[in-house]
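Student: One-letter residues, chain by chain:
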Amino acid sequence: MAMLGSINGVLMEGLDGDKTWRLQDYVARGGYSQLRRILENKLSQEDVIGEVKKSVLRGRGGAGFPTGLKWSFMPRSFPGDKYIVCNTDEGEPGTFKDRDIMAYNPHAVIEGMAIAAYAMGATRGYNYVHGEIWEIYQRFEAALDEARAAGFIGQKILGSEFSFELFAHHGYGAYICGEETALLESIEGKKGQPRFKPPFPASFGLYGKPTTINNTETFASIPFILKMGGEEFLNLGKPNNGGTKLFSVSGHVNRPGNYEIPLGTPFATLLEMCGGMRGGRKLKAVIPGGSSAPVMPANVIMDCTMDYDSISKGGSMLGSGAVIVMDETVCMVKALERLSFFYHEESCGQCTPCREGTAWMYKVVHRIENGLGKPEDLDLLNSVLGNIAGRTICALGDAAAFPVQSFIKHFRSEFEYHIENKTCLVPKDVQWAGSGFHKASV
Amino acid sequence: MFSAETLQKFAREVAKYPVDQKQSAVMACLAHAQEEKGWLPPEAIEAVAVYLGMPPMAAYEVASFYNMYDLKPVGKYKITVCTNLPCALSGGYHAGEYVQKKLGIGYGETTPDGKFTLKEGECMGACGDAPVFIVNNRSMCSHMHPEQIDKLLEECK
Numbered sequence: 001m002a003m004l005g006s007i008n009g010v011l012m013e014g015l016d017g018d019k020t021w022r023l024q025d026y027v028a029r030g031g032y033s034q035l036r037r038i039l040e041n042k043l044s045q046e047d048v049i050g051e052v053k054k055s056v057l058r059g060r061g062g063a064g065f066p067t068g069l070k071w072s073f074m075p076r077s078f079p080g081d082k083y084i085v086c087n088t089d090e091g092e093p094g095t096f097k098d099r100d101i102m103a104y105n106p107h108a109v110i111e112g113m114a115i116a117a118y119a120m121g122a123t124r125g126y127n128y129v130h131g132e133i134w135e136i137y138q139r140f141e142a143a144l145d146e147a148r149a150a151g152f153i154g155q156k157i158l159g160s161e162f163s164f165e166l167f168a169h170h171g172y173g174a175y176i177c178g179e180e181t182a183l184l185e186s187i188e189g190k191k192g193q194p195r196f197k198p199p200f201p202a203s204f205g206l207y208g209k210p211t212t213i214n215n216t217e218t219f220a221s222i223p224f225i226l227k228m229g230g231e232e233f234l235n236l237g238k239p240n241n242g243g244t245k246l247f248s249v250s251g252h253v254n255r256p257g258n259y260e261i262p263l264g265t266p267f268a269t270l271l272e273m274c275g276g277m278r279g280g281r282k283l284k285a286v287i288p289g290g291s292s293a294p295v296m297p298a299n300v301i302m303d304c305t306m307d308y309d310s311i312s313k314g315g316s317m318l319g320s321g322a323v324i325v326m327d328e329t330v331c332m333v334k335a336l337e338r339l340s341f342f343y344h345e346e347s348c349g350q351c352t353p354c355r356e357g358t359a360w361m362y363k364v365v366h367r368i369e370n371g372l373g374k375p376e377d378l379d380l381l382n383s384v385l386g387n388i389a390g391r392t393i394c395a396l397g398d399a400a401a402f403p404v405q406s407f408i409k410h411f412r413s414e415f416e417y418h419i420e421n422k423t424c425l426v427p428k429d430v431q432w433a434g435s436g437f438h439k440a441s442v
Numbered sequence: 001m002f003s004a005e006t007l008q009k010f011a012r013e014v015a016k017y018p019v020d021q022k023q024s025a026v027m028a029c030l031a032h033a034q035e036e037k038g039w040l041p042p043e044a045i046e047a048v049a050v051y052l053g054m055p056p057m058a059a060y061e062v063a064s065f066y067n068m069y070d071l072k073p074v075g076k077y078k079i080t081v082c083t084n085l086p087c088a089l090s091g092g093y094h095a096g097e098y099v100q101k102k103l104g105i106g107y108g109e110t111t112p113d114g115k116f117t118l119k120e121g122e123c124m125g126a127c128g129d130a131p132v133f134i135v136n137n138r139s140m141c142s143h144m145h146p147e148q149i150d151k152l153l154e155e156c157k
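Taken in order, these protein sequences are the chains called Z and G.
Per the numbering used here, the first sequence starts with residue 1, numbered consecutively.
Per the numbering used here, the second sequence starts with residue 1, numbered consecutively.
Source of the hints: derived by calculation from the structure; they are not laboratory data.
Quick caveat, the model's predicted, so the values are computed rather than measured.
Wrong hints could be hidden among the right ones.
[Unchecked claim] Here are the simulated lysine to aspartate or glutamate pairs, EDC-like style, with alpha carbons at most 16 Å apart: (1) G:K119 <-> Z:E345; (2) Z:K191 <-> G:E61; (3) G:K9 <-> Z:E141.
Using the sequences and the hints given, assemble the complete structure.
Tutor: Next comes the structure, spelled out in C-alpha cells:
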C-alpha cells in the first residue's frame, strides 16, 4: 500500500490496504449514509451545493477551482441528459494519489459522484480511468457492480425518484486526456484533442450536453464533507484552503508514497513524514504540484506550507499535490531535458505553437545536456516559451513552458556551466549514485 | 475476425453508452481487439469500426493517437519502462539500461525470438513505486530493481 501516513486523515482513514475496499467495508465505515440521508430527507440541490461551497473544497486535479462554485454553473433545470464525469486520467508526472483512492476507497468516489449527480440534476456519469492502471480500472468496475447490486446507483436509487447510471471508461495512453475537454472527446470515441472554450462543458459538454468534470479526489471528498459539515472540513485546513489533501511524494525521500495532511501543513513536516531525504543528502529543489508546476529551490519551499496560497506566493502552484523531491545529486539540465521530452511527446499536435514549440524546447535542452549548447540557447529557450505560453487552446503549452522558465530562472548557472564546459556541474558518478538503483541490488 | 469472448467484451462496452453513441466504445474495443490479436493489424481496426458503425478512418485516428495501441507486431511480452523524471530520480533510467542490456535490445526493438519488446513509456501514475514497468499494457510491476527485473524476465516464459 502506498498510503504511508496522515495527519487528521479523512479520505483514507480507517483503511487497511487491499482488505477494506469492498462495499461492506465502506458501509461499515459509514459509507453511503450521506447519499441515503440526502434522498430520505429530500435535501434540496441548493443545500447540497451550499454545503460544498462552505467547505471551500478546491478542485484536487490541479487547477484548484472551488468545487461548489463549479457545481453552481451547471444548468440544473435544463431538460434532458446532463452528465457527471470523473477525471481519473492521472498522468501528470509525480501524481499517483487517485490510483490509491480508486484502489482502497473506490466507493467514496462512487458515492461522491452520485451526490454530485443529485445536486446537479444529472442522470449519467462516467469515470475516465488512466490507461496504465488496468488493475485499478478492473477494481473500480467491480466496485460499480457492487454499488449497482446494492441499489446505490441505477434506477430509482434507494426507492427515491432519483436515478443515476455510472460507468467506467478506460483510457489508453494520452496525457492530454487529463485536460477536461480532451477527456470528453476521448469518451466520445475520438482523438483526445482539447476543445476551444467557450462554450464550457457546463453548457456544452459530453455529447453536447451540460457536463461537470471533477477530479477523483474531489468527488471522494464529497461524502466526508456532507458527513462532517462544510465548515468543519474547511477548518481542517486553513481559510480559502479547506480540508485535508493527499500529497504524492516521489523522488529522493526515504519513504515515497501518499500522505494525507491538512492544507496548510508545513513542507518540512511532510518531508519529515517521508522519513527525510534519502541517504541524508541535501535538498536541492522541489516541484510541488506535478511536473507542470514551476520548480522551487530548497530554501523557498522549506519556508512554505502545503496549500494553494502559500505555494502560489512561493512562485509555483500546488497543482495536483505531486511533490517531486530532488537532492544535490540531480543535474537540473538533465531533469529538465526529461520533462521537456515528455511535453513534446504528449503534445496533441493541434496547436502549432505547442506542437512545434515543445519540439524546439526539447531539442535545445537536449543539446545543452549533451554538450552541444550555444551561449545564445538560454535566450532562444526563453523566446520559444514566450511564443507558446498563452497561445494555445489548452494549458499543455503553458505546462510545458513553466518548467523551462523556472529551471532556467533558479538554476541558470548550471545551464551556463553546461554550455561552457560541455558537461554537467554535478559529476556523472554522483548522479549515478543518486538514483539508488544499483545499491538496492546489493 | 474476433472470438466469441472478445465480442462479448465489445458488447459489454457498447452497453455503457447511449444507444446513439456506440463510437464511445471504440477505445475499449480496440484494446480488447489488441489483446486477442497481440497487436492491431489494419483489418482488426476496420472490423472494430464496422462493428461500431463508424468510418474505419475514425477508428484508425484513435488507434494511432493513443500510445498503448500497437500498430506493428510486438513480442509476446511488451515491457514498457517509465523513465519520466519522478521515476528517473529513483532509478527509472538505470532500470531501463539494465533490462536493455539483459535482453540485448534497445527501446522500440524486439528480441529475435519474438519474445520481448521494450518500450520507453511516459508517466504511469505510480511514481512512488519507482522504477515501474508495465507488461502487455495490463500488469504493473513496482520497485523494479535488478533482482525484481531478473525475476520478471524469468517468469515471462
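Student: Hints first: check each against the structure and report whether it holds.
Tutor: These are the hints, each one checked on the structure:
1. G:K119 <-> Z:E345: 14 Å, holds
2. Z:K191 <-> G:E61: 6 Å, holds
3. G:K9 <-> Z:E141: 13 Å, holds
Of the numbered hints listed earlier, not one is contradicted by the structure.
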